[in-house]
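Visitor: Which chain is which? The protein sequence lines are G and U, in order. Following the working numbering, the residues of the first sequence are numbered contiguously, the last one being 300. Following the working numbering, the residues of the second sequence are numbered contiguously, the last one being 390.
Hints listed in this document are in silico derivations from the structure and should not be mistaken for laboratory results. Some hints here could point you the wrong way.
Stated by the list, open to error - Distance ranges between label pairs, derived from CB positions: (1) 336(U) with 102(G): 44 to 52 Å; (2) 56(G) with 364(U): 40 to 48 Å; (3) 14(U) with 172(G): 29 to 37 Å; (4) 364(U) with 153(G): 57 to 65 Å; (5) 223(U) with 119(G): 52 to 60 Å; (6) 48(G) with 364(U): 36 to 44 Å; (7) 14(U) with 167(G): 32 to 40 Å; (8) 5(G) with 338(U): 44 to 52 Å; (9) 56(G) with 223(U): 25 to 33 Å; (10) 32(U) with 141(G): 25 to 33 Å; (11) 379(U) with 141(G): 28 to 36 Å; (12) 213(G) with 379(U): 52 to 60 Å.
Unchecked claim - Examples of chain G residues lying across from chain U (beta carbon under 8 Å, computed): (13) 29; (14) 40; (15) 62; (16) 64; (17) 65; (18) 91; (19) 93; (20) 95; (21) 124; (22) 126; (23) 128; (24) 182; (25) 201; (26) 273.
Don't be surprised by glycine CBs; every beta carbon is placed ideally from N, CA and C.
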Amino acid sequence: MSFGDRLAVDDVTFRLAPGEIYGLLGPNGAGKTTTIRMVCGLLTPDRGTITIGGRAAAHDLSVKNLVGYVPQDVALYPDLTARENLSFIGRLYKLHGALLDERVDEALALTDLSDRSSDRVDSFSGGMKRRLNIAAGLLHHPVLLVLDEPTVGVDPQSRHAILERVQAFGREGMAVLYTTHYMEEAERVCDRVGIIDHGRLVAEGTRRELVARLGERDRIELGATGDLERLAEAVRKVPGVENAATADHAVHLVADEGRRILPAVLEAANHAGVAVNSVDVIEPDLEAVFLHLTGTALRE
Amino acid sequence: MIGSALVIARKDLRQRLRDRSAIVLGLVAPLGIAALMSFAFKGTDTFHFTLGIVDADHGPVASALIQTLQQPSLRQIVTISPAASPSLASAEVRNQKMAAALVIPAGFSASVAGGHPLAITTVTSVNNTIAGSVASSIASSFVAQLNADRLSVATALAAGAPATQAQRLAALAADLRIPEQAVQRPLGAHELKTISYYSPGMAIFFLLFTVSFTSRSFFVDRAQGMIDRMRAAPIHPVEILAGKALSVFAYGVVSLATIAVITSAAFGANWGNPLAAGALGLALVFSVVCLTALVIGVARTQRQAEGFSSIIVFGLALLGGNFVFLSSEPPLMRRLALLTPNGWAMRGFTDLATIGGGFGTVVLPIVAILVFSAVVGTAAGLLASRAVTA
């Protein structure tokens, strides 16, 4: 999929089974949103096919009935009530009358918003809007639910509730395509993860499969004050360090046998003139896989 | 296909009803301004004033002037009220009990026969300049007639008529009237009342604002992700545009019809034959739908849409004669008005109010508006689909 001369998504192939939660991870601009927009029928791929429920999505509007779309930004009318918003969206999916009312009630109950159904959306908290945003994607009972960073800007309590609900969707047999910036969310809810970078799917598998690719590598997190880029640059030169990137006021690096090379890393930091406040040697995880494969931290 | 468009139109109309500014623009403002116009121009459709007469002369010429002022043809315009003295007349004019006054000085009749006739004084007030002008005009006309009589007698005497016949010659001359007079006669069967012009004028002006707030709402929808939300549903992008168009159409029709009914009932505006006016209104609203789609197609952002809409609303209203009578504008402006749908609509509504008649009266304006809509709509159709899928 190209935009002018820029290739946004190139040769991405993945498959979701019913009941599976698939996490699509990638740094900003990696091609996640373009992929999702193609799956939801908002963009038409230049080449290739998207098949949902055994039906090719291109030129078949009815395939959209199989997909529930939950966009990254809350897409609701603030001047309408929760029920009015859901009723409007339900009607676009050809739901009418008693069935529409039933589905709206069901979606409101699933997202714990039944008692606020008659309130205007502009009176909702950020977390409630996020939940209603998800409810809007569920009305027509899709076989595939596409969630684009559904927990951005949400308080911990609401985030927990959303993740619980997403896991429940999977248990109920719905396939879920989930993108997030939060690695711990991907580790918690996703059955399989695809890592996308520069428009290409660079790795795919279960958490265990992906972590196994790291072998004996560890992730080291250096908390520091000062010029973190300079620190990252310095530690990259240490033999055994594969990748180093800055994120969240720390430098993250992947290295063979992390504990063994730690003295050399600290020595390099000292030479770079950056004071290291804390050191964590972390067992291989998705964050380490991501760093290893893309050379960047997910929240960079 | 029409189902989803209706769903979108219904939702848009629900939002518009909740949005008080839309109700103000669509109903309250045009009605309020039409009412203001009605009050502001009240009395200009039928002009009448009280004219004071100070007759210090009591001679035959003064009597002739008073008789002239009491002619049946002038009774609809002026009521004569005698005043005892110039100072009393001035006081009455100042107090606005009289709009103006004429002072015929003592010895005026006698002076007419002499070489230096006395002057008739007109007392006027800034409070009623039109009455002052009319009074001066009446006095001037009378004096002009008088001078013509004097000139006739003097010419006859110079030509050899005996001086003893001067009185008879003067009476003969006084019986004559200047044969050529300008008579104002409206072109149509009815005179165009101000309210009958400004009611459609203001209704159309505020209808044009639909272009602004609908295109704005489209870009707000897009920024809020609602256009993508709709496109993720099993509907065609054209249905989204059709829904927006339907809401504009319904809103425009209801707004125009309501204003027509209220201004007719409350202010006596004449919109002409209801069926013909309705057909003209529908054509006009259709052109507004096309203009809205064009703005949505051309603009890239909400701010651009607001800018384009403002240019369209005020540009069309100025060119189309929504603020001033087209008939009082220069020929170039009258020609430019024919490039605008609202200019044709104003022409159609004016014809219905003056010439009368039915559908035949507005066929040409309707065809012109539909041609305009076809041109704009074709361009908009090519551009607006891209705006939905962008």
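Visitor: Could you check the structure against the hints above and give me the numbers of any it violates, in ascending order?
Guide: The structure conflicts with hints 1, 2, 5, 6, 10, 11, 13, 20, 21, 22, 23, 24, 25, 26, although it agrees with all the remaining ones.
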